[in-house]
Each structure stands twice: as C-alpha cells, then as structure tokens.
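**Student:** So you can see what is in the structure, the chains are spelled out below.
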Amino acid sequence: MWEYSDKLIQHFLNPKNAGEIDDANAVGEVGSMACGDALKLMMKVDENGIIQEAKFQTFGCASAIASASALTEMLKGKTIEEAEKITNQDIANFLGGLPKEKMHCSVLGQQVLEQAISRYRGEALKKQEGEIVCECFGVTDIEIEKAIKENNLTTVEEVTNFTKAGGGCENCHDNIREIIDRVRAEEKPNIKPKLSNIQKIRMIEETIEREVRPLLQHDGGDIELMDVIGNRVIVATRGSCAGCQASHQTLRFFVELKLQELVSPDIVVEEMTE
Amino acid sequence: MKTVYLDNNATTKVAPEVLNDIMPYFHDLYGNPSSAHTFGGQVGKEINKAREQLGDLLGASPEEIIFTSCGSESDNTAIMSALSTETGKTNIVTTRVEHPAVKALCGHLTKIGYSVTEIPVDREGRLDMERYRESLTPETAIVSMMWANNETGVIFPIEEAAQMAKERDILFHTDAVQAVGKIPINLKNSAIDMLSLSGHKLHAPKGVGALFIKKGTKFSPFLIGGHQEKNRRGGTENTTGIIGLGKACELAAKNIDVENTKVKELRDKLEKNILSIVPNSRVNGGEAERLPNTSNISFEFIEGEAILLHMDEFGICASSGSACTSGSLQPSHVLRAMGVPFTMAHGSIRFSLSIYNSEEEIDFVIEKVPPIIEKLRSFSPFWKKEAHA
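Residue numbers (this note's numbering), protein chains in the order written: chain A, 3 to 276; chain B, -19 to 369.
Check each hint, because a few of them may be wrong.
Listing some non-contacts, in silico: residues in chain B with all C-beta distances to chain A over 12 Å [claimed, not checked]: (1) His79; (2) Glu98; (3) Arg148; (4) Gly205; (5) Lys210; (6) Asn235; (7) Gly266; (8) Ser300; (9) Gln310; (10) Thr323.
Label-pair distances were calculated between CB atoms; the ranges are [what the hints assert, rightly or not]: (11) B:Pro137 <-> A:Glu172: 31 to 37 Å; (12) B:Arg111 <-> A:Lys87: 55 to 61 Å; (13) B:Val238 <-> A:Thr157: 35 to 41 Å.
These aren't lab readings, by the way, just hints derived from the structure by calculation.
All values derive from a computational prediction rather than experimental measurement.
Here a beta-carbon is modelled for each residue, glycine too, at the ideal position from N, C-alpha and C.
Work the whole structure out from these sequences, hints included.
**Tutor:** Below you can see the structure in the form of structure tokens.
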C-alpha cells in the first residue's frame, strides 16, 4: 500500500473543483488512456488576467486525482503570471509530499497548466519537440532533460518516477542513462559560483603567482598582471620573455589555458601594447 | 469498521482449527524434528502426519511431498532442478500469464543463456494449445504452467498439457498455488511431474509451501544444507507452518464442495449484480473455465487504485491489475496478454472470495461499489466523451 499523506487522501476522497467549465478560456489536456493517466484542466481567466475559476477532469489513481484537486486550488485567484511559476514540486508540497513513484502525477499537473496558459495566450502550441526516447509512454528527450534539470535527477529510476519514461519495456534505459550523463556534464560549469569582479581578479592574481610565474622564472622569464577588463587579462612580459619570439605562444597556450581552467573558461589573455 | 475481505487470492485467514492445532508447537512442543530425543522426535511425527494430509488432498504418496518456505521457493526449486538434471537442454516452455515466481525466474534465466518460450492466451485467457504443442522441442528441459491464474481464476487444461509433455519425455511442472483447495486435484496416474502449492492461500499460515515431486523424477535440491526432507531441502523445518498446512489440507478436502457451491454462488451473485448495475463493466475471463472464488471485473474509463482506495473507506478489501496499484507503470501482464483494452485494463478489480465470506458481505459490496464507480466516472475525461458519442 502506498504511503499517502492525510492531505492527499482528503483531496482524493473529496476532490475540489472536479468537473467542467462550459465557458473556460484556458484549457489544457495531457496524457492518454494508454499511459494510465490523463488530465484536463479548465480555467476561467478574467480581463485582468486573474484566474476566477479552475476545474479538472482526470483519469488516474488516487495521487493523480489529488494532484489535480491541489492544482486547481492553487490556481484560483492567481494571475496567469503567478500561475506560470507553479512547478510540479509545488503541487507535491501542497499535498504534503508524494511517494517518489508517483511524482509523475504532479508533473502531469505542471504540463497541463503550461499547455492551458499557452492556449490562453494564443501561442501556437509547441509542436512536439525532440525525439521520442520512451516508446511505451511517448516521452521525448526534451521532456526527460527538463525533468532531470528541474528536479536534479541522477538515476534512471528517478527519471521513470518523474516522467514515466523507461517504465514499460525498459528498452530505453541505456538512452535515458546517456541523457542523464549528458545533462550532468553540461551542468558542471554552472556548479562554479558566479565570481564577482574582485573575486575574479584575486583568483587571476593567485593563479599567475602560483601556477605561472614559477615556471617562467625557471626559464629566466617573468610576467606581470597589468589589468583585468571583463574577461580580458592584460599582462606584460619581463625578463627573457620580453621580446621572445615565442612569448605569444606561451601566453596563449600556457597562461590563457591555465586561467581558463582555474578561473573562468571565458578568459582571454592579451599582451600589453606600449 | 468491519472488514469485508475479498482478497483471498492474495492471502487467506488462518482457519481457527489450524490455529488451534499449531499453538502447542510454539511453546510446549518446540523441539527440533531432527533431534534424537523423544521431545524433538514427537514433532517429527506430526510433520510426517502433515505429509500424509497433503498426500490425501492431492492423491499423492507422502514421500512425494517436500515442504518449502513458500510457493515461489517451490516454483524455483522445480525449474532449477529440471535445468540441472536435464543436462544439455536449455529451453523452458511457459505461458505469458504466469505468476512472477515463474515469470521473473524465466526472465532471469534468459539472461544467463537459457531460452524461454511463452505460450500466448486468447481474449478469455485460455491457453493456445496449438502453439503449446509446437513449442515442445527436444531442447525443452521443462514445461512450467500455472494450473489456475491468480488474477482471473482462469483454469488451464493441465492434465492434457502434462500428457503432451510426457509423450515427448519433457518434465512438466505446474504452479497450482491458486488451484489447490479450490478445485479437485488428483495426481495419482497423472502425467504431472512436479506441482507447487502455498500454505497461506488455503488457510494455513504464511511462510510454508510444498512441492510435489512424482516418484522416480530426477531431482536436484535448490536449498542445500542439512539432511531434512530426505536431503531434498535443507533447513530446519517450519514445524508450526508445516503442521498447519497439513491441517489446512485436511480441511480443504472437506470444504472443496463448499468452494464449488456456496462460494461460487456468492461469487456469481456479486458478478451478476455488479454487471447489471454498472454500465461498461465486464468480467475478464468470464467465458473461460474459472476458479469458483475469483472474479476479475473491469470498469471502463476509470483507474483501479482509485476504486480500491474508495472501497477501502468501507473496509472492502480487493486488488487491482492497474499500473498505479503495483508501482509499475504498465497494467497487469495477464490482462495485457489477454488483449484487454487499456480502457478496461487500468480499471480492473479482482474480487476473490473464501468459505468465510457471507451473503451479507456480498450484499454490502453490491451496495457500495456502484456509487464509487459512478463518482470516479463523473470526473473522468473519457467517460463523458463516450457518453456523448
């Protein structure tokens, strides 16, 4: 038996806002019978962009019904702009959490909301972008990537819990694993916090002192940091480096690479011109 | 709140007579049957008595019975034994609708070099006998086929299937966990080589099962250890479980008529009433020969877990083949093998009765279930569309 919160059980047994709105002006519909859950969201948005009424119809399990009930409760009284910010995690939190295997119920809620808002704004519905990865549940690589990024997922099992992808024949598990690896690899640079200018200059100074100068001095040369303008690092060469034919090579392939590696990938090193 | 228990294919209550008989073996007669002293030896005698009681129910001799810990262990023992004694044969023939105890084991075996042939079923869950015949090859080490399906109650023609295997010198095992105690079984002069059963499905405690191995069948133990069960299954005997299973088999022999009269009548009443009150509902496997206690009903356009949890509010216990109930994302492999459409498969509910159910309970379920279905359909996007169409 699933461990459902009391709040979820209450929303399941006595769902709020179940039914239809005849004159709804923002409607979304996601899922299908084959997938095992489907959700239709209907909203009435007034001229000020405030959601006056929200109702749902759903085919799904207890947590799907409760998620739909929660979503409609959260939407009422909000502006479209506010509604747009609701995430699947917000829906789960509203219900006091969802079992991890049921997170896809909240994802369905977020998807239907996105679709209803797009339609309300008259935006052309995004054509299905990306390529289907999970044939069983028709989940695309873009949807999988989004779930991985937004919920910080790291395993195939987690991806299945959030998107259903991989929950059927399991043939796509290798592909899902590749997507996880790719997203994780892309995210790595962002792990480094954004540097303030002062922090950046300090790191450049330290790197030059620690990693660059000792090696150049070993060959009788030297380098001096003159200025930092954005990502441009202006240096002057000294000792045997000054006037050396190969000094621009040194700057480019040694100093610049070192700074890119240790400080920021965007750094460009320039030699000061008189 | 009163519990109305209609989930007897999942597990059953221990019969009061069984409980009464096994109590002394927890506290006063706790000896080890293998011991040399009388204190232990007297328990050993009770185990042999249980072996006779099982033999009587199945039409087998006591020495053809070994006790195990559960139905799954019996199934694993049977199949693994065949693969080890039938040297050189690497194929297993089974069906698409087996219990995970066989299905998952076969899945595992395909990963380590064995081939598995799964015989399909028709829309009513009946076995494709022609495909079965064609699947039996000289490479086949064993056929493993359930006697009755746990989800639908559909009964396979086991004796006929076993005979076909025997004619080709292929070992035949049947998972009879759901059949034993519900339909008459007689293994005397049968072509069946091995048969699995489980205690807790017929009012014995959980944690005990048995495997029938026909005399003369080559056997290789699965659980290797002490000399228990004549070296066929190591491990100290679950004395209370085994003695309880013996008693439960004795009771089952007496009650098998009740299963096929009173229980069947209650099941039929439940089915008939639900189907007549609730539109767009159907019995899965309803046209096939079925166990007398099982009814698998699909309610179109709604989802099973939601139905179950609403029934739970009234203390009604059943189970569902829907995806959400199990935590997998696909509906029951049994219903899919039968080609039950998705509109029906997700909304399937299995009611399974026992001799302990009363007519009042069935009337209560007939009263409570239809409004639940109506409520869930009232906000199903598919139900409205269907009604308008």
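**Student:** Hey, does Lys210 of chain B actually stay past 12 Å from chain A on C-beta?
**Tutor:** holds (41 Å)
**Student:** Just checking, Glu98 of chain B versus chain A, shortest CB gap more than 12 Å?
**Tutor:** holds (15 Å)
**Student:** Hint says 35 to 41 Å; check whether the CB-CB distance for Val238 of chain B and Thr157 of chain A agrees.
**Tutor:** Since Val238 of chain B and Thr157 of chain A have Cβ atoms about 51 Å apart, the given range 35 to 41 Å is violated.
**Student:** Does the beta carbon distance between Arg111 of chain B and Lys87 of chain A stay inside 55 to 61 Å, or does it fall outside?
**Tutor:** holds (56 Å)
**Student:** Against chain A, does Gly266 of chain B hold up as non-interface, every C-beta pair farther apart than 12 Å?
**Tutor:** Non-interface label stands for Gly266 of chain B: nearest chain A Cβ at 22 Å, farther than 12 Å.
**Student:** Holds or violated: is the Cβ of Ser300 of chain B farther than 12 Å from all Cβ atoms of chain A?
**Tutor:** About 9 Å separates Ser300 of chain B from the closest Cβ of chain A, which leaves it inside 12 Å; violated.
**Student:** If I take the minimum Cβ distance from Asn235 of chain B to any residue of chain A, is it greater than 12 Å?
**Tutor:** Non-interface label on Asn235 of chain B holds, nearest chain A Cβ at 30 Å vs cutoff 12 Å.
**Student:** Hint says 31 to 37 Å; check whether the CB-CB distance for Pro137 of chain B and Glu172 of chain A agrees.
**Tutor:** holds (33 Å)
**Student:** Please check whether the beta-carbon of Arg148 of chain B is more than 12 Å away from every beta-carbon in chain A.
**Tutor:** Given a closest Cβ separation of 32 Å, the condition holds.
**Student:** Taking C-beta pairs only, is Thr323 of chain B more than 12 Å away from all of chain A?
**Tutor:** It is violated; Thr323 of chain B is separated from chain A by about 5 Å at its closest Cβ, not greater than 12 Å.
**Student:** With 12 Å as the threshold, tell me whether Gly205 of chain B passes as away from chain A on beta-carbon distances.
**Tutor:** Per Cβ check, Gly205 of chain B is outside 12 Å of chain A; nearest 35 Å; holds.
**Student:** Was His79 of chain B rightly flagged as not at the interface, with every chain A Cβ beyond 12 Å?
**Tutor:** holds (20 Å)
Comparing the model with each numbered hint stated earlier shows that hints 8, 9, 10, 13 do not hold.
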